[in-house]
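Engineer: To get our numbering, take the position in the sequence shown, counting from 1, and add 1.
No lab work stands behind these hints: they were computed from the structure. Among the hints, a few may not be true.
Pairs of lysine to aspartate or glutamate residues, derived as DMTMM-like cross-links and limited to a Cα-Cα distance of at most 20 Å, are as follows [claimed, not checked]: (1) Lys118 / Asp88; (2) Lys118 / Asp152; (3) Lys138 / Glu168; (4) Lys138 / Glu162; (5) Lys36 / Glu23.
Keep in mind it's a predicted model, so treat the numbers as computed, not measured.
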Amino acid sequence: RYVDDIAKSLQTEEGRAKIIEELEASLDKVSMKIKGYNLSGRPPCESSTKDGASVTVLGYRWYTEPDVFGLNYPPIHFGQKQRGRLDPKTEFYGRDGCNKTMAEFVPLLLTRRAISKIFRRIFDLLGKIAIYLPMPKVLLRRTIEVSPAWDEPVPEEIREEWIEIFEDLEEIRDLLFRRA
Numbered sequence: 002r003y004v005d006d007i008a009k010s011l012q013t014e015e016g017r018a019k020i021i022e023e024l025e026a027s028l029d030k031v032s033m034k035i036k037g038y039n040l041s042g043r044p045p046c047e048s049s050t051k052d053g054a055s056v057t058v059l060g061y062r063w064y065t066e067p068d069v070f071g072l073n074y075p076p077i078h079f080g081q082k083q084r085g086r087l088d089p090k091t092e093f094y095g096r097d098g099c100n101k102t103m104a105e106f107v108p109l110l111l112t113r114r115a116i117s118k119i120f121r122r123i124f125d126l127l128g129k130i131a132i133y134l135p136m137p138k139v140l141l142r143r144t145i146e147v148s149p150a151w152d153e154p155v156p157e158e159i160r161e162e163w164i165e166i167f168e169d170l171e172e173i174r175d176l177l178f179r180r181a
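Whenever a hint applies, use it, and build me the whole structure from the sequences.
Structural biologist: Next comes the structure, spelled out in structure tokens:
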């Protein structure tokens, strides 16, 4: 059996303790157990973190000790997934020794398909970066107008504009937002 995350914000430690007690009692009635709890101001539960500092909640990274959210989209890459997994040799912009500029990193023959794959990785349920998204959307529309085929390289001037957008996306990827 599987139950996803339950997100609840409470003002007091007593309120937390009461909710935890009620939840455990309810789940115990159907022989279910809690894997772990992540509470603000404390390190995340080991079973729910990959990096020891954050957990995924609502498509964001929640850094539990400082109680802030960060965006949860991966560094830019142009790798192809096969059977749901990236090739281990996939190069990520700015990671694992990749010292290229964005202009060097972005393929010379950038296609609409590659652009769409990067753009669709951004999930922002709460609209925290909504102010940054109109420009890429307008540019995507222009890209479609000048390069309607999915696998046709976009013109160089459009590629250069996408390079600027990708640089912006990399910068905002590290933004943090207060939870409350």
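Engineer: Next step is simple, just say for each hint if it's right about the structure.
Structural biologist: Results of checking the hints against the structure:
{"no.": "1", "hint": "Lys118 / Asp88", "result": "16 Å, holds"}
{"no.": "2", "hint": "Lys118 / Asp152", "result": "12 Å, holds"}
{"no.": "3", "hint": "Lys138 / Glu168", "result": "15 Å, holds"}
{"no.": "4", "hint": "Lys138 / Glu162", "result": "12 Å, holds"}
{"no.": "5", "hint": "Lys36 / Glu23", "result": "16 Å, holds"}
In terms of the numbered hints stated before, the structure departs from none.
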